[in-house]
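Number of protein chains: 2
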Amino acid sequence: MTQPTETVSLQHLSQFIAQAFVACGMPAGDAGKAADLMAKADLMGKDAHGVFRLPQYIQRIKAGGMNVTPSFRLIEDRTSTALIDGDNGLGHLVMSHAADLAMEKAEKTGIAWVGARHSNHAGPAALYAMKPLERDMIGIYVAVGSANHLPPWGGTEMLLSTNPIAFAIPSGTNPPIVLDMATTVAAYGKVKTAAQRGETMPEGWMIDKLGNPLTDPTRASEGFLLPIGGPKGYGLALIFGILAGTLNGAAFGRDVIDFNADDTTTTNTGHFVIALDIKAFADPTLFKAGIDKVWDEMKSSPRLPGVDEIRLPGEGLAKTTRARRQSGIPIPAPLRGKLDTLARDLNIATL
Amino acid sequence: MTQPTETVSLQHLSQFIAQAFVACGMPAGDAGKAADLMAKADLMGKDAHGVFRLPQYIQRIKAGGMNVTPSFRLIEDRTSTALIDGDNGLGHLVMSHAADLAMEKAEKTGIAWVGARHSNHAGPAALYAMKPLERDMIGIYVAVGSANHLPPWGGTEMLLSTNPIAFAIPSGTNPPIVLDMATTVAAYGKVKTAAQRGETMPEGWMIDKLGNPLTDPTRASEGFLLPIGGPKGYGLALIFGILAGTLNGAAFGRDVIDFNADDTTTTNTGHFVIALDIKAFADPTLFKAGIDKVWDEMKSSPRLPGVDEIRLPGEGLAKTTRARRQSGIPIPAPLRGKLDTLARDLNIATL
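Chains A and B are the protein sequences, given in the same order.
So the mapping is simple: our numbering equals the position in the first sequence, first residue as 1, plus 235.
So the mapping is simple: our numbering equals the position in the second sequence, first residue as 1, plus 235.
These aren't lab readings, by the way, just hints derived from the structure by calculation.
Mixed in with the good hints, there may be bad ones.
Since the list gives no way to pick out one identical chain from another, each pair is judged satisfied if it fits inside one copy or across any two copies.
Within a straight-line C-alpha distance of at most 25 Å, the following computed DSS-like cross-link-like pairs (lysine-lysine) qualify [stated by the list, open to error]:
hint, residue 1, residue 2
1, Lys554, Lys514
2, Lys514, Lys425
3, Lys514, Lys343
4, Lys528, Lys268
5, Lys534, Lys444
6, Lys514, Lys444
7, Lys343, Lys523
8, Lys523, Lys573
9, Lys425, Lys444
10, Lys297, Lys528
11, Lys297, Lys573
With the sequences and hints as input, model every part of the structure.
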C-alpha cells in the first residue's frame with residue numbers, strides 16, 4: 236500500500252528551503268528570496284522545478300560549483316537593455332533581479348530586454364515571465380537549458396538543450412495566459428518520470444542513434460529528445476540558445492555543462508527576460524477585457540469528439556495554484572525521504 | 236511535355252510589380268518599395284509570398300479592400316516602442332516602415348518593439364526580421380495570419396491562424412541564421428501545393444472534424460491544420476495572435492477576415508517587429524564570430540544514417556538567393572499566364 240501523500244503549506248515549504256540555503260552560507264535575505272521562488276514553483280504545480288531540485292542545488296553549492304554570496308555586475312547598461320553577470324549565483328536570484336530591472340526600464344521606455352551570464356538553473360520559466368504581470372506588463376523569458384538533450388535536426392550529437400520559453404499575459408476576470416514550454420515534444424523531466432513509474436513513452440518523444448523510435452525510458456541515455464515540429468523546434472532551440480547564451484556571453488552548444496553529471500564546473504548559464512509595458516500600446520483595462528474576450532471565444536468554441544474542455548495555456552497552473560494554496564503542496568514520500576536526509580546533513584529541522 | 240520554366244531578373248520582376256501597383260493608383264515611390272520587397276521574397280525562394288500574391292493584392296485594391304495612398308499614423312510613441320496605424324495600406328509598406336522605426340529607436344536604447352494595426356498581408360516574415368541585419372541588429376517579426384486555419388487544441392472552430400514568427404541573426408563568414416516558420420506543422424500554402432500536384436499529405440499535417448488524419452489535400456476545407464507539438468503550437472499561435480493582434484488593436488480570433496475569400500472588408504491585420512542591437516550586449520564582430528562557431532559546431536556534428544548534411548535555418552534561403560541572383564527567378568508557366576492576364580487588365584507591359 237502506498238502511503239498517502241502529505242502536504243505542506245507554501246510558507247512552511249519556503250521556510251524549509253531558506254533554512255537549507257542559510258545552512259550552506261547563503262545570506263538570509265537571498266535565501267528567503269530564492270526559497271519563495273522555489274516554493275512558488277511547487278505551488279504552481281511545476282513539481283520538477285521546485286523543492287525537488289533543492290538536494291541538487293545544495294550538492295552543487297557544497298561541491299563548490301555555485302556561489303552563495305554572488306555580487307551581480309552590470310556588464311552592459313543601455314536605456315532599454317542590460318546584461319548582468321550573475322557571479323555564478325543561483326539562477327532564481329539572478330533572474331528575479333533581471334526581471335525587476337527589466338520592469339523598471341520598461342516603465343520608462345515601453346520595453347526592456349535584460350540578459351544574464353554566469354547564472355545557474357532558475358527553476359520554471361513561468362516564474363520570470365509572470366513577474367511583470369505585477370505591473371500590468373507582459374513578460375517573456377528564455378533560458379539555455381542546463382544539459383544538452385537534443386541534436387541538431389538530422390544529427391546525433393546533443394548540442395542543444397530543450398531551451399524553454401515562457402510568455403505571460405494578464406487578463407481581466409480570467410487567470411493570466413501563461414505558456415511555459417520546452418522546444419522538445421517532451422521535457423527531459425517527463426522521460427525521467429516515465430522511467431520512475433515503469434511506463435512506456437509514446438512514439439515521437441525520443442529516437443535512438445539510428446533514428447528509430449525509442450519508447451523505453453530506461454534506455455533514454457541511448458537516444459535523444461525530438462523537437463516540436465521537427466526542424467522548426469530545432470530552429471527554435473537553436474535561436475533561443477543563441478539569444479539566451481551566445482549573445483550574453485553564456486554557454487551554448489558544446490560549452491554547456493550537464494549540471495546533472497557535474498557539480499563543480501561553473502555552468503555559465505544564460506537567460507533573458509523581456510518586460511513589455513501594455514500602457515505603451517493600449518489602455519491596460521481595455522487590453523485585459525480583450526484577453527477575456529479571447530478567453531471566452533476559445534472556451535466556448537465547439538470541440539472534437541471526446542474532448543471535454545478547451546484549455547488555455549496557464550489555466551492548469553492557475554487551478555493548481557488555487558488548490559494548493561488551499562490544501563497545501565503535496566510532497567510525495569520519496570521526495571520527503573530525500574529532503575529528510577538533506578535536513579539531517581545540514582543539521583536543520585525536517586520539513 | 237512541360238515547358239521549361241523561364242526566369243526573370245530581380246530588377247525586371249521588381250519593375251513589373253511596381254508598374255502594376257502604379258497602374259492601380261499607388262504613388263511611384265511606394266510602388267517601388269513594395270515591389271522591391273515582393274521581388275526579394277521571390278529571390279529568397281519564398282515563392283508563395285512573392286509575385287505569386289500580386290494578382291490577389293491587385294484584386295483587393297480594385298475591390299476597394301486596400302488603400303493605395305495610406306497615411307501612416309503613430310498612435311502610440313514611447314522611447315523604445317511604437318504603435319503604427321497602417322491606414323489599410325499594403326503590409327509591406329507598413330512593416331518596412333515599422334522596421335525602420337524600430338532600428339532607429341534600438342540604435343539609441345538597445346531594443347525597440349514596433350507594432351502595427353490596420354495593415355495587410357506583408358509577404359514572408361523573414362523580410363522584416365532580416366531588415367535589422369543591415370545595422371548589426373537581430374530582428375524578430377510576428378504576424379497574425381490573413382486567414383484562420385487552426386482551431387484551439389481540442390476544438391473544431393478555426394479561431395487561429397498559422398501566426399508565423401521569424402528571427403534573423405547575423406554571422407561573420409556564414410549566411411545569417413534566419414528562422415521563418417508557421418506555428419503549424421505545415422503552412423496552408425503547402426497544402427495548396429500538394430493539392431495542385433495531386434499528392435497525398437503525410438499524416439500529422441491535418442485532421443478532419445472528427446479528429447482523424449486527413450491526407451487528401453483536395454479535402455482540406457473539411458479539416459484543420461495541426462499545430463507543432465500539439466498544445467505547444469496552439470499556445471504559440473495564441474500568444475503570437477495576442478501580441479501581434481489584440482495588443483495592437485488589430486484583428487484576432489473571430490474578427491480575422493479570410494483574405495482569400497473576401498476582397499472588400501478591411502482586414503485590420505496586425506504585426507510587430509523587434510530590433511535588438513547587438514552592440515548593447517557584445518562587440519558585434521566577436522558576436523558574429525560566436526555565431527560562426529555555432530554554425531561550425533552544428534555543421535560538423537555527426538549525422539543520423541541517411542542524412543547527408545546538417546542544415547541551419549536560413550541556409551536554404553541563402554543558397555536560393557545566391558542562385559537566383561545569378562540565374563534569375565523562375566516563373567512557372569501557370570503563374571506567368573496569370574501575370575500576363577493581369578498585365579493586359581492593367582494595360583502594362585507583360586513580364
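Okay, the hints, checked on the actual structure:
1. Lys554 <-> Lys514: neither (28 Å within a copy, 43 Å between copies)
2. Lys514 <-> Lys425: Neither: 38 Å inside a chain and 39 Å across chains, both beyond 25 Å.
3. Lys514 <-> Lys343: both (11 Å within a copy, 21 Å between copies)
4. Lys528 <-> Lys268: neither (35 Å within a copy, 37 Å between copies)
5. Lys534 <-> Lys444: Between copies only: 17 Å across, 41 Å inside.
6. Lys514 <-> Lys444: neither (50 Å within a copy, 40 Å between copies)
7. Lys343 <-> Lys523: Close inside one copy (21 Å), not across copies (31 Å); limit 25 Å.
8. Lys523 <-> Lys573: Neither, since 43 Å and 45 Å both go past 25 Å.
9. Lys425 <-> Lys444: within (20 Å within a copy, 30 Å between copies)
10. Lys297 <-> Lys528: Classified as neither; 50 Å inside a copy, 34 Å across copies.
11. Lys297 <-> Lys573: within (16 Å within a copy, 71 Å between copies)
Comparing the model with each numbered hint stated earlier shows that hints 1, 2, 4, 6, 8 and 10 do not hold.
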